[in-house]
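*Asks:* Okay, here's what each chain looks like letter by letter:
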Amino acid sequence: MKSRLPVLVAFISGALMILAFFGRGTVVDAVSDRALTWQTIVGGFSLLLGAVSIARVHWKKVATKHEDRLYSLCLLICFIVMGGSGVINGIGSGTLFDTLFQRIQAPMMSTMFSVLAFFIASAAYRAFRARSVSSAILLVAAVLVMLGRIPMGQYIYHGLPSWADWIMTVPSMAVQRGILIGAALGAASMSLRIILGIERTYLGRG
Amino acid sequence: MPEWYSHPFFLLLPTAFFTLAIFSFLYKDNPMFKLAEHVFAGLSAGYYFGLIWQSVIRQQVWMPLTQDGQWSVLIPGVLGLLMFARFFPRIGWTTRLPLAFVIGSTAGIMFIQQLHGMVLPQVGRTLLPLDSLRNILIIVGVLTTLIYFYFSKPHTGTLGWIASVGIGFIMVAFGAHFGYTVMARVSLLIGRVQFLLVDWLGVAR
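Note that the protein sequences, when read in sequence, are chains G and X. Going from the first sequence to the working numbering is simple: count from 1 and add 1. Going from the second sequence to the working numbering is simple: count from 1 and add 681.
Now the in silico label distances, taken between C-beta atoms and shown as ranges: (1) X:836 / G:151: 32 to 42 Å; (2) G:35 / X:689: 46 to 56 Å; (3) G:137 / X:811: 25 to 35 Å; (4) X:874 / G:123: 13 to 23 Å; (5) X:874 / G:20: 47 to 57 Å.
Hint data in this document are derived by calculation from the structure and do not stem from the laboratory. As the structure is a computational prediction, the values presented were derived from the model and not from experiment. In this text, a Cβ means the ideal position worked out from N, Cα and C, and glycines have one as well.
Chain G with its partners taken away, still in its complex shape (with noise of 0.2 Å):
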């Protein structure tokens, strides 16, 4: 009962939702649209149950006094005034919600990827030491993408950014698109063992 229900739900709902392609138009496509916002809904839980588990890990700081108390009590009160703002007040424009987004949130997350310039800098520097063939490939791409999309490179060599063009569309499209295939290919395959219960790591022990 325990983990055979589970996988009866999965191949239930897995099931609908290719059929509906197959049908569409019948009661078959009418029950997975449905189902569709049934998901959207289960799925809007989920996230809530991840917030609420930042929360509860980080009270259970504050709780047991742990050394970076601190810290934790800071992020519970900006996860009470945001989440409580949204809930009270709405999320529209001009409301405490949209301005914490505005003004704090969505800066800081531009600052994070911002100083990532910096580690991959030093990436770079390991990275692109021409020891071997595939590493000087790699450097003379990496060269002439990022001189050919800045006015510097066009300054150096006129034909830089069409080098650069012609590398996106050409070799690195081709490879993204062999990437592509073979993960939709792998993505097709384990949609199918979940669906048919062959996959249940999903259902976690016991």
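Let chain G serve as the given structure and place chain X on it in line with the hints.
*Replies:* Showing chain X alone in chain G's frame:
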């Protein structure tokens, strides 16, 4: 409200403070960065909580139930609540039901989406006439990349030679993507530095 408060320096002080706190990590891990990290995690968790509450629970469960009398939304509502059963060991296993529903339906969608929306169109766009160097390179690139990622046979002999051509293509693509990512991150960095120097301090234009 005092007039000084409306000055951009004070208005943007919290944003600038957290921007500098995150940049301080470039020196080393420090309390200011840890504070910024936790504030960011708390705000992000709160953001998703507020967003899901309003757009899913309120709009897709509560309002249809109370205003339109759609009792069927109780089913996903209850399934969603079962997600929280993991916090109660006695009924913890019931959390598998909503999980199985989400994973099963996602697998069904993915199966069709990947084959119909990804594999077939990508294969179709690769079946090009061999009348230009561009087309030949695309076909060779796709095939050799696929062969490189075929690990069921050892890469020796002809297969190894083809796979090594694939490595060449893959290195060009990875290099190009690396360069592209560096440019994207640097443009974000320029944006943050512009914020600090132009918007906040007003020392540059």
